[in-house]
Structures are given as C-alpha cells and as structure tokens.
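Protein chains: 4
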Amino acid sequence: MASKLIAIVAGVGPGTGASVARKFAATYPVVLLARKPDNYEGLAEEINKSGGKAIGISADVSDSKSLKSAVETIKKEFGEGVGAAAAIFNASGGFLRKPFLEVPEEVFSQSIDVSAKGGIYFSQATLPLLLKGVEQKSQHPPALIFTGATASVKSNAQMASFATGKWALRALSQSLAREFGPQGVHVSHAIIDGVIDIPRTREWLPQFGPEAKLSADGIANDYWWLHTQPVTNFTWEIDLRPAVEKW
Amino acid sequence: MASKLIAIVAGVGPGTGASVARKFAATYPVVLLARKPDNYEGLAEEINKSGGKAIGISADVSDSKSLKSAVETIKKEFGEGVGAAAAIFNASGGFLRKPFLEVPEEVFSQSIDVSAKGGIYFSQATLPLLLKGVEQKSQHPPALIFTGATASVKSNAQMASFATGKWALRALSQSLAREFGPQGVHVSHAIIDGVIDIPRTREWLPQFGPEAKLSADGIANDYWWLHTQPVTNFTWEIDLRPAVEKW
Amino acid sequence: MASKLIAIVAGVGPGTGASVARKFAATYPVVLLARKPDNYEGLAEEINKSGGKAIGISADVSDSKSLKSAVETIKKEFGEGVGAAAAIFNASGGFLRKPFLEVPEEVFSQSIDVSAKGGIYFSQATLPLLLKGVEQKSQHPPALIFTGATASVKSNAQMASFATGKWALRALSQSLAREFGPQGVHVSHAIIDGVIDIPRTREWLPQFGPEAKLSADGIANDYWWLHTQPVTNFTWEIDLRPAVEKW
Amino acid sequence: MASKLIAIVAGVGPGTGASVARKFAATYPVVLLARKPDNYEGLAEEINKSGGKAIGISADVSDSKSLKSAVETIKKEFGEGVGAAAAIFNASGGFLRKPFLEVPEEVFSQSIDVSAKGGIYFSQATLPLLLKGVEQKSQHPPALIFTGATASVKSNAQMASFATGKWALRALSQSLAREFGPQGVHVSHAIIDGVIDIPRTREWLPQFGPEAKLSADGIANDYWWLHTQPVTNFTWEIDLRPAVEKW
Chain A
1 MASKLIAIVA GVGPGTGASV ARKFAATYPV VLLARKPDNY EGLAEEINKS
51 GGKAIGISAD VSDSKSLKSA VETIKKEFGE GVGAAAAIFN ASGGFLRKPF
101 LEVPEEVFSQ SIDVSAKGGI YFSQATLPLL LKGVEQKSQH PPALIFTGAT
151 ASVKSNAQMA SFATGKWALR ALSQSLAREF GPQGVHVSHA IIDGVIDIPR
201 TREWLPQFGP EAKLSADGIA NDYWWLHTQP VTNFTWEIDL RPAVEKW
Chain B
1 MASKLIAIVA GVGPGTGASV ARKFAATYPV VLLARKPDNY EGLAEEINKS
51 GGKAIGISAD VSDSKSLKSA VETIKKEFGE GVGAAAAIFN ASGGFLRKPF
101 LEVPEEVFSQ SIDVSAKGGI YFSQATLPLL LKGVEQKSQH PPALIFTGAT
151 ASVKSNAQMA SFATGKWALR ALSQSLAREF GPQGVHVSHA IIDGVIDIPR
201 TREWLPQFGP EAKLSADGIA NDYWWLHTQP VTNFTWEIDL RPAVEKW
Chain C
1 MASKLIAIVA GVGPGTGASV ARKFAATYPV VLLARKPDNY EGLAEEINKS
51 GGKAIGISAD VSDSKSLKSA VETIKKEFGE GVGAAAAIFN ASGGFLRKPF
101 LEVPEEVFSQ SIDVSAKGGI YFSQATLPLL LKGVEQKSQH PPALIFTGAT
151 ASVKSNAQMA SFATGKWALR ALSQSLAREF GPQGVHVSHA IIDGVIDIPR
201 TREWLPQFGP EAKLSADGIA NDYWWLHTQP VTNFTWEIDL RPAVEKW
Chain D
1 MASKLIAIVA GVGPGTGASV ARKFAATYPV VLLARKPDNY EGLAEEINKS
51 GGKAIGISAD VSDSKSLKSA VETIKKEFGE GVGAAAAIFN ASGGFLRKPF
101 LEVPEEVFSQ SIDVSAKGGI YFSQATLPLL LKGVEQKSQH PPALIFTGAT
151 ASVKSNAQMA SFATGKWALR ALSQSLAREF GPQGVHVSHA IIDGVIDIPR
201 TREWLPQFGP EAKLSADGIA NDYWWLHTQP VTNFTWEIDL RPAVEKW
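Residue numbers (full-length UniProt numbering), protein chains in the order written: chain A, 1 to 247; chain B, 1 to 247; chain C, 1 to 247; chain D, 1 to 247.
You may find that some hints are simply not true.
Quick look at which bits of chain A chain B covers, simulated, 3 or more residues with Cβ under 8 Å [as the list claims (entries may be wrong)]:
1. 94–105
2. 124–138
3. 174–181
4. 198–210
The set of hints was computed from the structure by calculation and includes no laboratory data.
Glycine residues also receive a C-beta, built at the ideal position from the N, C-alpha and C atoms.
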C-alpha cells in the first residue's frame, strides 16, 4: 500500500520548505503546513497542476492542538490508517540579533515556542504516522528531518533568542534518532550554515556571486538523499554550506 | 562599597543550591529564590544564625513577572543601586525518562519553561545587577553561573524532555559569555555529570560507595573558584563527575 | 577533458575501500593504493574486466616518499596534467583495545603514522591533482573524503592508540575543508559508527541480524552523494550507523 | 610519606610551564623537563633559592627513550619508590600558519611527534609514578594535566599542522581520564584560548591593554585548582580565555 504513504512538510515558505515539498511531491502526496494559507496555496496549486498531489493545512506548530487538528484533517483526506514516508520540520522563529537586555521576552518565546515546543509537538503528531509507514513497508525508511542552522551548534553573542530554540531542536532530534532509529524511523538534523538563495536574500552578499548562497533545491536533494539511505546506513546529522563560506 | 554586593541563587533545594548559597554567604549577603518557602526558610535561618545574611524570596523562574518582582524586593532590601557579585541559576524541571510518545506535553513545557525560558528571565533580571557589580568594582568579576547536566551535551533516547531545556540553557550561557565577558561579567556553565549526594539519592548506587556521587559542597567550591578567576583567565565551561563515573 | 579525471582510493581492502573503488569506477578510472598488491590485484582485475579502468599501486601512506612515487606512476599512466575528481583516504592502523600502560609504543606509532601523518601525506600528494580537477571543470566538484570512526569523536578508555590518530585525521579534514572549499575542492569526513559488514566481521553480532552492520556499498553510495553535491551545498561531515546501533 | 611525592612539568619555558612549576613547587619538589638546559636552569635555581626544591632534566618528549631515561634520573634522585602528585604536559611544536601545500613535512612531524607521540610517551612514563602517588595516599588526587589550545577544538584553515597534534593530545587526555579516573588519577585538559602574557608576546595586541592576554600565573592557579578537586568532583576539561577575547 505504498500509495497511502504521504510526506508532511511544516514551515513551508518561499525557500527550503517549498523546495523540499516539490522534491518529495515527485514520489508522495504532500501535506503542506503553514500558519498562513498564503504560504502554501500557490505551491499546492503548482504541485497539483504538475501531476503531483498536495494539500495545504493552516497550522501553528507552536500549538499542539493545532497540530492534532491538522493530523485529523490528514486522516480525513488520506484515510484513518495513513502512514507517512517523511515528515520535515522546517519552521523557525524568534531571530533577533540584538543586545540580550534589549530583546523582548516575546522574541525569546517565539523562538522557543516554535523551535523547541514546535519541534516536539510536530514529532508527537507525526511519529505515529511514520511508524505506520514502517509497518506498511515503505520503500525507503520513513524519515523525520529537522532543519537546523549555524545557531544550532554555535551560540554567538546577541544570538541567544534564536540559538536557545535551535539547540533545543537539535537535542530533540538526537534523542529521537536514538529512540526511533531502532524502530525503523530515520531521524536527521541538517545544519544549514549560510544564507539560502531565496527572493528575500537575492540582494545579499552580491560581492560573492551566486555561489555564495545555499541552493534551496540543493537542500531538498540532500533531504531526499537522507530519506533514501537504507536502515544499515543512517546519518543523523549533516552540515551544509556554500564552498566559499567562512566557518 | 563591597558591602553592597550580593549573591543571588535560584533553585535552592537540599543539594547544590543550598551548598552554593552557604559557600557564597561566607562573603556576600545571599538572596535565595525558590518557588516554595519550604525550600529556603531553613537555609536562610541557618545562614543568618551563623553570622551570614540571607533572605528568601518566593519566585517562579518560569514567570518573568515573578522574577521582576523578586528584583524589586531585592532593591527594597539592599538599596536601589545594589550590585551583584554572583547570580547562580540552579533550577531545572521536566525530567521524565519515558518513551517519547508517552511523555505528556506538560512535562516538555515544564523543562523548557524552567530551563530555557527560566534561564533567560533570570539572566535578564540579574544581569543589570551584575553589571552594577562591575561598576562598583567587585573584588572578583561578577559571575553568572548556570548548572547543567549530562543532558546538556548528550541527548539520549527517552530523555528529550530534559535535554531540550538543558541544551537551550547551555546555548544561553554560551551566548551570554560571549556578550558579557567583554563587559566584565563572567558567565559559566557547569556540566554536572553524575548523581549528586543529597538525602534523596543517599540510597542510590550503594554498591559504588560514597565516592560514586558528586559532593554538593564540592560543586559549590568549584563555583566559587569560577567566581574568583581574574578577567584575564575566564572559564566558560567545566564538567564535573565522580572519578569512578563511566562516561 | 573529463576523460582525464581519475579517482584515487587509499586503503583498499575487502570492505569500504573496495566498494568505494567500484562505485567511483563506474565514472572514473580508479587508482587503487594499498601496501600489499594482494589487496588491490583482484579488485583491479574485476573492475577492468567489467568495463572500467583500474590500476593498483603499492604504496605506504605513512611514507611520504612512497606516495610521491605513486603520484609519479599515476602521471606516467594518465599524463603529466592529469586531474583528479576524487581522492578517498580509507587507511587506518594501530587499533588495540588494551590498558594504556600495556600498549606498545609501536601501536601508537602505527595509528599516528597511518592516520595522522598518512592523511597529511595523502592530502599533500593528491590536492594538486584535485585542484587540476577544478581547473579542468570536472562535472562534480573534486572531492577529498576521509573515512573516520566512532573513535574520531569519542575517545574511550583503552582506545587511546586508535583515537589519537583518528582525531588528528578529523582535524586535518576540517582545516582542509576550510582552506580548499573556497578553491572548489570538497573536503569531507565520514564518521563510520558501527561494524562494517565484511567477510571478517560476518560472524560478529549474529544476534542482531544482517541489519546491525553497515553496508560497505552503502558507504560508497554516501561518498558518491558527497561528491555530487554542488558548490553551493557542501557537507563537511556525515555520521553513518545502522538504525539499530546504540550510540 | 607525602614528602616523597613530586611534581613533574614537561615543556618548561618562559610562560605557562614556569608558572606551573613555581605554583606546584610551593608544595612539592618539582622536576623540570625541557630539551635545552637554558629553559630550566634559571627557574630551578630560582625555586631552590626561594626554599623549594627543583631539579632540571634535559629530555625530548618526542623520544620515548629520552623520557624513560628522565624517569631513571628521577628515581635516582627521589628514590626507586617515588610517587608523583602531578605531571603536567605543557610541550607543543609544529605551529606554522601557512597554505597547506606549502607546509614542509617536517613541521607536521614536529607537531605530531611532540603533541601526539610526546603526550603518549610522557603519560606512559609518568602514570606509573602517579599511580604510586595514589597508593601513597597523596593529600590531593594525583593529577595528569595537558595544556591544549584553541586549535585543540577548532581546526582552522592553514592550521592543520598545529591542530592535528593538538586534537590527538585532547583525544589522549579524554581516553586517559576515562581509564585512570576510576584508579584515582585525575586527568585533565585545559583549552588555552588566547595569547599568553609572556615576554615574547608583550608587544602583541597593545591596543587591547594588559587584560587581553592570559596570565600564566592564572593558568597555574587553575591547574592547582584542578589538582585539589576531590575524587567526587573531577573536571576533565576547562577552557580559559581573557574576558575580552572574541570566540
């Protein structure tokens, strides 16, 4: 029943999320989660028109009820016994580079509620579907992939709001990799170390040329590669950066 | 005006918090923060009787208003311009070793609200006092010390709730060390890697003898050592474990 | 002149080295380096018979002269201006799990001479060819890949001999990634965290089944994946382990 | 028989080594090891004149025979059954910040032979004396301390020669901490992250003032602190840097 397996992408926007959704849509029906329909409507239409299948659901990852409700919608759409081949957590929030004492409490909350709590809620919502994917003998081991950042491994001055959430998310991914790997679910974490080439960043770093930014499609290829690793060869973590990036 | 400098300890209980409070009380008036007065009343009395000065304040570190109110109380007690020589964050919560899908949402929230948000709120509340300590030329550089755990650097299976909060706290401490070190405040993080010898754990690991557990007074000595390092020689992180601990 | 680009594999044996050589031989002529001809003769024959091209050269990676001589042989075979699309360092030595005071000096030397010095000599010998590969506009960025182990990131009791060499090799790979990435060479390090399924280990871990061991062909696929990443999306490090591995 | 316990310092020069020797000489007779007598003669004289006891021995840590011979000299001087309270490895070599392909083979060898092999030989030579120190019930747990650097944890571009040796040394220290901690020997590693204030560096970083450099006496105090930690509270690793250091 491979046809029942779906892919779920949280944090769909103009960059990584959309590229990942397109990539996985070539093989699976995809569910696009974002707070605002604006962020998934065009993409869902594009995927559906080009022969794939996509549905968008408004959901706030920092609200466990919202995610539970999204799963109900998924089950209505794809059947009560639906399994997932992939669940990708690409949401983040709370980035503000400022002196610590000037960062409003809300910014910290946003980072921690989206990255830490959001990652947890998303995992609790999707892991049952991924385990169903294992039962249903998905061709590739079901994958739960988290998008990290430089700030997932390095906590620079004035970056506490973003880094606290991202470190927590990385901790989550490591614990889940250890718990769910033996159950057949492949949990991974990608450290995106650089600027992603999206419309919003197009004007950035002009002096370094087009190769100074990460390709969102390239990231999607790498996520797909993680997904296709066999159970004998699981990777928990990859880092990704432009060749010219200083690190 | 060294006499105006105080030490603030959050998360006072029967173990590390109490030992740290006693140690710093030998030099500074200490402020004891805990949610329940039970946790600081006896200790405050003990310190006051033995020639030191201690006041206890009920405060919930996961609630920024509660911490702001505690600072108001501190200023009423020690003067509007009071500086701090040390602020020690020893609170934690949300420890539950269980399959991830069986951990209630509340446990995750507790860990993240106390360790991640609590650490942030405590730092935003105390750093202004520590910076005053710098201005007032404290004998030793004012110190902001965070108590970490094995789970601050390793996120084991079934430990996601505790680890997410603790990794976030470590990220916070690293960012603050980089931002406030140049301003004269010494920010440190201690990885407590083992069982602490307190009444509650006395019966644990009997087969390994008394040396298999960390001494809370020993931890307090190490925090004091961190505090006395000069500005030319700051340590951000130490790990601490019994010699016999397997790691 | 893509036809001039070659792949060089050091440390060809029955496991990872052979699988990597076969994988890259599908696209490039491969040079097989091993101390003993026994280790490459059969493999070279197999590749040559199946339509690829392979030559074997006896070389000791811990001896810089031996590697320089190997490069001379390569140039005689493939032309003075030959470029490389990939150079893979898969050699290691000096594994002896024993109390530190009982490990003979020679074992430490073997580990350090092969893993640390060998990695350096191999890199100094092959990087000029990889940079030629960049000039010659190889389809995929030329790759320099190092095989690491659990002992590359964790130095357990009684594992000092192996770990010292492996940590040094990882340091080498990180420095080279930073220096040569901007020059177009993709330097990577793979942490192989588990037992590889080769004839010698076939009898190991029988209780865990065939999925408890890493597939050498799987590792080769992952090295190929690293090689095909575009310059916008370089990965320095991956970890690889069986899903059931405890870590 | 505390009087029989000695301290051994390898890599005595004008900076950390001398400060450490002076600090430990306040409690123990000290043995000063350096390749050139110039490096220890003045210091030995200074210590002996000021009421301590010091002997200097010419030794090359990268040569195991030289270290074995030094131990013979120590036994002749202090008795066959002499125990050690501390052994501090402060030697290093092979620092050359240059493009990798321009670094001569000898520089790599120097780094690796001194830092990696030297650390191993020094440990094999001194651990039997430290274990004797445990038997002889030294007041503080016998300590084996290694001096590391920024390059022990970060391997920057053009720093491969220094970093390979330093990462290997850190691996050694971690393995030994795990093996010998349970036997009562406290093994530690100090990451010195900054410029040390010694005559040779006095002119460096003038713009940052005297506090921009690490105090060698401060490092010595920290090593002494590590030595005095009880068996219940061992620290494996500390980092040390000036408050103003960017990291």
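Tested hints:
1. Counting residues of the region 94–105 of chain A whose C-beta lies closer than 8 Å to any C-beta of chain B gives 4; at least three are required, and the coverage claim holds.
2. Counting residues of the region 124–138 of chain A whose beta carbon lies closer than 8 Å to any beta carbon of chain B gives 3, which reaches the threshold of three, so the coverage claim holds.
3. Counting residues of the region 174–181 of chain A whose CB lies closer than 8 Å to any CB of chain B gives 6, which reaches the minimum of 3, so the coverage claim holds.
4. Given a C-beta distance limit of less than 8 Å, the hint that chain B covers the region 198–210 of chain A is violated, as 0 residues qualify and 3 are needed.
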